[in-house]
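Taken in sequence, the protein lines are chains P and L. Using this note's numbering, the letters of the first sequence map in sequence onto residues 291 to 398. Using this note's numbering, the letters of the second sequence map in sequence onto residues 14 to 127.
Keep in mind that a hint or two might mislead.
Label-pair ranges, simulated between beta-carbon atoms [said to hold, decoys possible]:
#: 1; chain 1: P; residue 1: Q332; chain 2: L; residue 2: N43; range: 15 to 25 Å
#: 2; chain 1: P; residue 1: R312; chain 2: L; residue 2: S86; range: 37 to 47 Å
#: 3; chain 1: L; residue 1: Q54; chain 2: P; residue 2: T310; range: 19 to 29 Å
Negatives, chain L to chain P, calculated, CB over 10 Å [unchecked claim]:
#: 4; residue: F78
#: 5; residue: E81
#: 6; residue: G98
#: 7; residue: T125
#: 8; residue: T127
Don't read these hints as lab results, they were simulated from the structure. Using N, Cα and C, we set each Cβ at its ideal position, and we do this for glycine too.
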Amino acid sequence: GIQVEQSPPDLILQEGANSTLRCNFSDSVNNLQWFHQNPWGQLINLFYIPSGTKQNGRLSATTVATERYSLLYISSSQTTDSGVYFCAVDSTASKLTFGTGTRLQVTL
Amino acid sequence: DTGVSQDPRHKITKRGQNVTFRCDPISEHNRLYWYRQTLGQGPEFLTYFQNEAQLEKSRLLSDRFSAERPKGSFSTLEIQRTEQGDSAMYLCASSVSTPADEQYFGPGTRLTVT
Chain P
291 GIQVEQSPPD
301 LILQEGANST
311 LRCNFSDSVN
321 NLQWFHQNPW
331 GQLINLFYIP
341 SGTKQNGRLS
351 ATTVATERYS
361 LLYISSSQTT
371 DSGVYFCAVD
381 STASKLTFGT
391 GTRLQVTL
Chain L
14 DTGVSQDPRH
24 KITKRGQNVT
34 FRCDPISEHN
44 RLYWYRQTLG
54 QGPEFLTYFQ
64 NEAQLEKSRL
74 LSDRFSAERP
84 KGSFSTLEIQ
94 RTEQGDSAMY
104 LCASSVSTPA
114 DEQYFGPGTR
124 LTVT
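This is chain P alone, in the form it adopts within the complex (with noise of 0.2 Å):
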């Protein structure tokens, strides 16, 4: 099946950097999705993003689909961005298969 690596696996940043999050993955992708998983378990949907580029206020995301990775920017970091980020894909048009998440922790 499809392989999805994130890096880095833990980062800490202080309030107000900036932060770059990859994702690679190992074959061409119908969906890919950056989420964020807050301390109670919720997965909240930051970007649909197979390809291109989308940007959402202090985040933006670009996936290069030919070059098979996608990257999330963060900017501005707040202590509220804490948690962990996961990026899922699908090659199947069914089931997405998450990355092992980059843990983010922004501190004051």
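We have chain P already, so just place chain L on it with the hints.
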């Protein structure tokens, strides 16, 4: 729209007991998915339905697990003869298959088997 809901949110059971979880998808979403997440890992796919048809099951879904979506709306996931290794967060998601199959997740049911 209130989003995907799951019930119960937490379940503690003794090994060997049966448990059943419920998922209500976003209305008019024709696809419904079940995933399992253990500590420190990303969610893993278990099974999915398109309307009432169960179209795919993971190898993770042993014969002790069964899922149904009888009228193409809510779904149930039953685990029989629970084992300690079944302790996990069980997540439900739903989507519309077209034009974009973006999945939306519920809050999950956290199962603890003692």
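Is it correct that the beta-carbon of G98(L) has no partner in chain P closer than or equal to 10 Å? With a cut-off of 10 Å, G98(L) remains clear of chain P, as the shortest Cβ separation is near 19 Å.
Minimum Cβ separation between F78(L) and chain P greater than 10 Å? holds, 16 Å
Compute the least Cβ-Cβ separation between E81(L) and chain P, then decide whether it is above 10 Å. holds, 18 Å
Just double-check T125(L) for me: nearest Cβ-Cβ distance to chain P has to come out over 10 Å. holds, 13 Å
T127(L) clear of chain P by more than 10 Å, beta carbon to beta carbon? holds, 20 Å
Between R312(P) and S86(L), does the beta-carbon spacing fit 37 to 47 Å? holds, 39 Å
Does the Cβ pair Q54(L), T310(P) satisfy 19 to 29 Å? holds, 23 Å
Does the Cβ pair Q332(P), N43(L) satisfy 15 to 25 Å? holds, 23 Å
Of the numbered hints stated above, none is contradicted by the structure.
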